[in-house]
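The listed protein sequences derive, respectively, from chains B and X.
So the first sequence is residues 1 to 950, counted in full-length UniProt numbering.
So the second sequence is residues 1 to 370, counted in full-length UniProt numbering.
Honestly, the hints are just simulated from the structure, not real lab data.
There could be a bad hint or two in this list.
No farther apart than 25 angstroms at their CA atoms in a straight line, the calculated lysine to any residue pairs in the SDA-like style are these [as the list claims (entries may be wrong)]:
1. Lys101(X) to Arg450(B)
2. Lys139(B) to Leu154(B)
3. Lys3(B) to Thr250(X)
Stretch-level coverage of chain B by chain X, calculated; a stretch enters the list once three of its residues show a Cβ under 8 angstroms from a Cβ in chain X [what the hints assert, rightly or not]:
4. 389 to 403
5. 447 to 461
6. 532 to 542
The beta carbon of each residue, even a glycine, is placed where N, CA and C say it ideally should be.
Spelled out, the chains give:
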Amino acid sequence: MPKRKDLKSILIIGSGPIIIGQACEFDYSGSQALRSLREDGIETILINSNPATIMTDPSMADHVYLKPLNTKSIVEILKKHPNIDAVLPTMGGQTALNLCIEADEKGIWEDFNVEIIGVDIDAINITEDREKFRELMLKIGVGMAPQATATSFLKGKEIAQEFGFPLVIRASFTLGGAGASIVYEPEKFDGLLSHGLEVSPIHEVMIDKAMMGWKEYELELLRDKNDNVVIICTIENMDPMGIHTGDSITVAPAMTLSDRTFQKMRDMAIKMMRSIGDFAGGCNVQFAVSPDEEEEIIAIEINPRVSRSSALASKATGYPIAKIAAKLAIGYTLDELDNQITKSTSALFEPTLDYVIVKIPRWNFDKFEGSDRTLGLQMKSVGEVMGIGRSFQEALHKATQSLEIKRNGLGADGKGYKDYETIIQKLTVPSWDRVFVIYDAIQLGIPLKRIHEITKIDMWFLKQYEELHQLEQEIAQYTIASLPKSLLLEAKQKGFADRQIAHMLDCYESEVHKKRMELNINRVYKLVDTCAAEFTAMTPYYYSTFEEEIQSKDGLRYVANDSEVTNRKKIVVLGSGPNRIGQGIEFDYCCVHGVLAAAECDYETIMINCNPETVSTDFDTADKLYFEPVFWEHIYDIILHEKPEGVIVQLGGQTALKLAEKLDRYGVNIIGTSYQSLDLAEDRGSFSTLLKDNDIPYPRFGTAETADEALDLADELGFPLLVRPSYVLGGQGMKIVINKEDLEQHVVDLLRKIPNNKLLLDHYLDGAIEAEADAICDGEDVYIIGIMEHIEPCGIHSGDSNATLPPFNLGEFVIQQIKDHTKKIALALNTVGLINIQFAIKDDTVYIIEANPRASRTVPFIAKAYGEPYVNYATKVMLGDKKVKDFNFNPKLEGYAIKQPVFSFNKFPNVNKNLGPEMKSTGESILFIDSLKDDEFYNLYSRRKMYLSK
Amino acid sequence: MKYQKRKKALLLLEDGTIFFGKAVGEREGTSFGEVCFNTGMTGYQEIFTDPSYYGQLMVTTNAHIGNYGTHKDEIESDSIKIAGLICKNFSYNYSRPSADKSLLDFLNDNDLLAISDVDTRALVSYIRDNGAMNAVISTRVDEIDALKEELKAVPSMEGLELASKVSTKEPYFVGKEDAQYKIAALDIGIKKNILRNLEKRGALIKVFPYNTSKEEMAAWNPDGYFISNGPGDPEPLKDAIQTTKDILKTDKPLFGICLGHQVLALANGVSTYKMHHGHRGINHPILNLITGKGEITSQNHGFAVNREETEAHEELEVTHTHLNDGTVAGLKMKNKDVFSVQYHPEASPGPHDADYLFDQFFDAIKASAN
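Turn these sequences into a full structure, and let the hints steer you where they fit.
In C-alpha cells, the structure reads:
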C-alpha cells in the first residue's frame, strides 16, 4: 500500500546540545529522516537548539527553528504552521521523546490537531515504567532479572536476603542515575540502601538482582504498519553485564551465539516489540544470556525509538535505519521499499555481514579531574569509534588505532603494564584502558581462565587476544630481512600496524611499509553492502583489509579490490575521529560541508573517518567513504590508492591537522593553508615574531621544555601564568598557575603525559575581556565572518564561555583593532581557508592569545546565526575555485545570537565543576535574542563572575 | 599455546580460476563438488548436516566459523553432508558451555576437508557473476594441472539425481505411537527439524525411502502426506514425481518443502530450471500474497519452479513470492489441501517467521480427518 496521503507537513524534533549519552548520532538520524521525508514531497519543519548540526542547515528542512527545546517553542511553531499534520519525535533521542510527551500531557498536539507518528506514547510510558514493563513481560512470557520494590529499610533487607549479591539499587523518581549503585558486598548494602531511600522523593528504591557476568546483546528492529518486523543487526557486548552498553566494547555480528539461541532471542524481541504497542518505526531491545549450559535469555530493556545503537547498527550493516524508519512512519511497508544499498533488492530483509565491526567508546576522564573512572551502570564516554575488518582481530585493532590516545593497537608499543598487581587491579576495576590491559595480562602470562574469572569476558574473545600475542611472539624471532611473507601478511590481516611490526622487529615503520610494498602486501578495499556480496551493490562505502591471492583463468595473480579508482580529479577530506570534549560535532559539520563544496567544484570527494555517530560517515555524504582510522598508515595507503589532488586537513579539528606535517613530508599536497603556515601559527616563538613585526600586542610569554626552564621563565614573566602544551585542542592540559609550587607541579605532570612537548607560558591578563573572530582568507583578501564576545571574563576556555555574536559591549575602537589584527595575521600566515583568532582585551588594548588557521568550533554557530554557508565558501577558496571577492556576503541577524555551553557534570557527581582554561562542556546550543534587555541575557551577564561555582 | 603455522591449500574452479588459502587443521586431501555459498551468520552446524547440501563445496560468508563449537542436538541429519568447507577465519578455539566439541573435531569425525583464509568475498562475487560451477579444494597446491584433469570428470549438478544418496534405506517412525495424526513423509533428503516440527504438533510420522510408491505409503493409512527437501536436480526424480501424482489423486492434505515443492510442481506438469547461483541464506524476504505480510526465511535451493507456467496453470496458484527476484516461493492447488514452499519454514538455521505453515498443514489434516 502506498504512503498515507493525509500527511503533508511533518514536524521533527531534534536532540539539542550534545551531552554524554546523546551525541551526534541524532544529527545523523535526524538528517536522514528529513531527507527521507522530503523525497516523498512532504513539507518538513525542524526544531533543534544545536547549531553545530547538519540537520539545522537551511537546505535540510523547509523550515528550521533554532529554538530552545520546550513546549513554548513548540506552540510558537504550531501557531506559525497550522498546516502541520504530524510530529515525528523518534529521531531526537530521549530529549525529543520527553518533549513530545510533555506536549502531549499539556494537550498541545490535540489542540493543534497534530498526530504523533513513529511511536506511540503508551509504548514509551510502558518502557519507561519498570513496574508496568515487568508486568507486561511476565504476561507475554519473557523473563527478566528478579526485581522488587522496597519502601522501607526492613523490606530492602528482606529482598537482599532473597536475591543474594550482587544487587543493583535504583532510587525511584530521581534523574541521571542518582542513588543508583551496584552492591557487591553485604556490608556495604545498609548504607547504600539508606542513601537510595533518602534521595528518592517518595522514599522508594527498586532492587534488582545484578546479572553480573551474563552475556549482553542488543537487537535493532524495524516494524511497518503491516506488522512486518526485521532485525537489522545483532550486537554483542564484549564487556558483559555490569557495564553500561554505551561504555561497553561491542561487536557485530554476534560472535558467540548459536543459531538456536539467537533465533529464540529474535522471537522474543519481535514479541516484545509487538506487545508494547502498535507503531511503525525503529526499536532497540537489550538482552542478557546466562553464560552457562542453560543459555537462559532475559530481557533488559526496550527502547521504541532510533537510538545510539541504531546509528551504530546502520554504519555496521549499511542499512540506513533512520531513513527507513521515517518512511515506515509515513505509512510505507518494508516490502514496498528498496534496499538502499543494492537498490535492486527489498528493504524487507535482514542484513548479513562478511566482516566484523568493533565499537570502542572514547572517554575523557582527563577532563574531569577527580572523577570516578570506573565503568559501571552509568554511561561516561563522550564518543566512540568503530573499526571494520575481515576478522574480529583486525576490527579490534583498527578500533584501538582510531581512538587517538597515542596507542598503535594492542601490544607492541612498549606502553603496556608489566606489573602483576596493577594488571589484576585494572582487570578487576574496568576503566577506559581495560581493552589494552587484557593484552598486557596475556603478555605477562596470566592464564586466560583467570582473566575470564575476573572480567567475565567470553573466552572466545580472550582466545582471539591470545592468538594475537602468539603471533607477536613468533614475529619477534625474525628481523625485517628474514621475516617471511606469509607471516607479514598474517600480521597485517590481524590488524597489526606497520609501527607495531616495526616495534617487534626493531626497525623503522618505513622499512616495514617498504617491505610490504616489495612483497605486494597491499591494503585492498572491501564494500559494506548489507548482503555479503550476494548482490551487486553500488554504494561506495569501503573498509580496508589484506587478502590472499587469486589466480585468474588466464594465469594472472591478483588480490581482489572492490574500490575501483576513477579518472576524475579527487579530494580527500580527513575527518575528526571520535567525539571528545573540545573536538565534537562542530568539526563533523565542517567536514560534511567541505565534502559538499568540493563536489560542487566537480571533484570526486573522498571522506576518511572512523566515528560511526556522524553524518560524515553516512554513505550518502561523500562520493566515496573510507571507514578507516584517521591514523597515518591507513590514510597514506588510501592516498597511494586513490592519488587525490590533495588532502583537506583544516576541517577535521586537531586530529586531521596533526597529520599535516607527515603528509607534507611525504609530498602529499595539503589543500589551503600550507603546513608551514599551520606550523608557524603553532610555534609560539615564530608566531610572536610575526606579531611583533606587524605591531600586534600579545601577552608576555615564553616557552619551556623542562621544569627548570619554566621556573626561570616565571621570574621573567610574573604570575599569574597560563601554562599549556603545544598542538592540543580544547585547552587540554591548560592551567592558570599563581605560584611556583603550582607551576612546578603542573609542568612535571604535563611532561609526563606528553613527553617532548614544548610548553607555552603566557602572562595571564587578569580581568580581561575575551573575544574571538573567525575569518576566510584567500591569501589576498580577508573576510571576517564573525566576531564574538565572551560574557565570562578571560580565563575560561572559549568553548565553555557564553559568547554573543556580535559583541555586546565592545567599543568601536576595540572592534577596529580586532578587525585590523585579524586581517593582518591571516595575511601574514598566508592563510588559504579559515582562521580563528582569540583576543584578550584589557584597558582598550586588544592582545592576541592565539591564532588557528583552521575551522574552529564557532564556525557552524556563526554560519547558523547569519544564515550563510561559510564552510562551503572557505572550501571553495581552499580549492582555488573561488576568491573571497567572488562571494556576495549577506549576513542576516536581528539582535544577537548567544552560544551557550552545555555540561554533563551530572554524570560525574564528585567532580570539581570549576571552569577554567581547560574545556569541560560537551555541547552547545544557540539562543537568539532581540536585544540586550532580554531576560536570558541579563541572567547570564549577571552571573558571569560566578563561574567558579558553576 | 604457541603460534600455529598452517599448510597451504587452494580452491580450483571448473573455469580455471584459483583462490589460495590455508588448510584447516592437519588434514590433507582433495574434495570435489559444486561450489555454492551461504550467507547465514549463525547455524553452520545445521547447514553442514543439511542433506540438501549433499555434494556441495560450501562457502560460508560469515567472517568467522566455528566460534561456538558443535552441539549434538543441533544437527539436521546424522552426518556432515557438504563435500567441503571454504571459509575466511576458522575458529580453532570455541566457547559455549553446552557444546560437545570443537568444529574441527566435528569435521575430523566426518573426514571433511576444509580450507580457510580464502578471500571468500571475492569468491562469492565471482560465483554471483559467473554462476555456480564445479570446483575442487585441495592441499595439493603444486599439482594444479592434475587437479584440473580430475575436476573434468565430476558431473554437473544439472540432471543429477542425489536423493537416493541421502534418503533412508528403510522406513522408520518418528513420534509417539498414540499420536493423534499420522503423516507419511517421502524422504528425498529430509531435515530433522521438519520431523521435530511435525512431531511437536502431535503427529506420528513414518518416513519412507525416496523411491516408495504411493500405494506403499497409502497402505499405512496416513492422514496427510509430506514431501521433503533434498539435494540436486528435481527432474530426474521420476519415482518421487509419480508418487506425488498419485497422492494428488487422493483427497489427503499434502505439504512440500524445497525439493518437495519442485517435485509438486513437476507432478503438475510445471517445469523447473537451474538458477544462476541459487538462494542460500537465512535472510531471504518472502511476501505472502494471500495475507500481504512479509516473512524472513531460511533458503537453500539451486533450482526453481517456472513462474509463468505456474501462473498459467489452471489448478495452481502462486501463494508466496521472493521479494528480491520474483521467483515462486510458494504455491497451492486450488480446491485441494495441497501446498508447498520453496523455502524452509522449519528454519534451523534461520528465523521462525514461517512456522505457521506447519499449523496450516495440521489445520488441513484436522479438517480432512473429521
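Taken at face value, is the distance from the CA of Arg450(B) to the CA of Lys101(X) at most 25 angstroms? Holds, at about 22 angstroms.
Against chain X, does the segment 389 to 403 of chain B show at least 3 residues with beta-carbon separation below 8 angstroms? It holds: at least three residues are needed, and the segment 389 to 403 of chain B offers 3 whose Cβ sits within less than 8 angstroms of chain X.
When I compare C-beta atoms, does the segment 532 to 542 of chain B have three or more residues closer than 8 angstroms to chain X? Per the Cβ count (5), the hint holds.
Next pair to validate is Lys139(B) with Leu154(B); report whether the Cα-Cα distance is within 25 angstroms. violated (29 angstroms)
When I compare C-beta atoms, does the segment 447 to 461 of chain B have three or more residues closer than 8 angstroms to chain X? holds (count 3)
Take a quick look at whether Lys3(B) and Thr250(X) sit within 25 angstroms of each other, Cα to Cα. violated (46 angstroms)
In this structure, the hints that do not hold are numbers 2, 3, in rising order.
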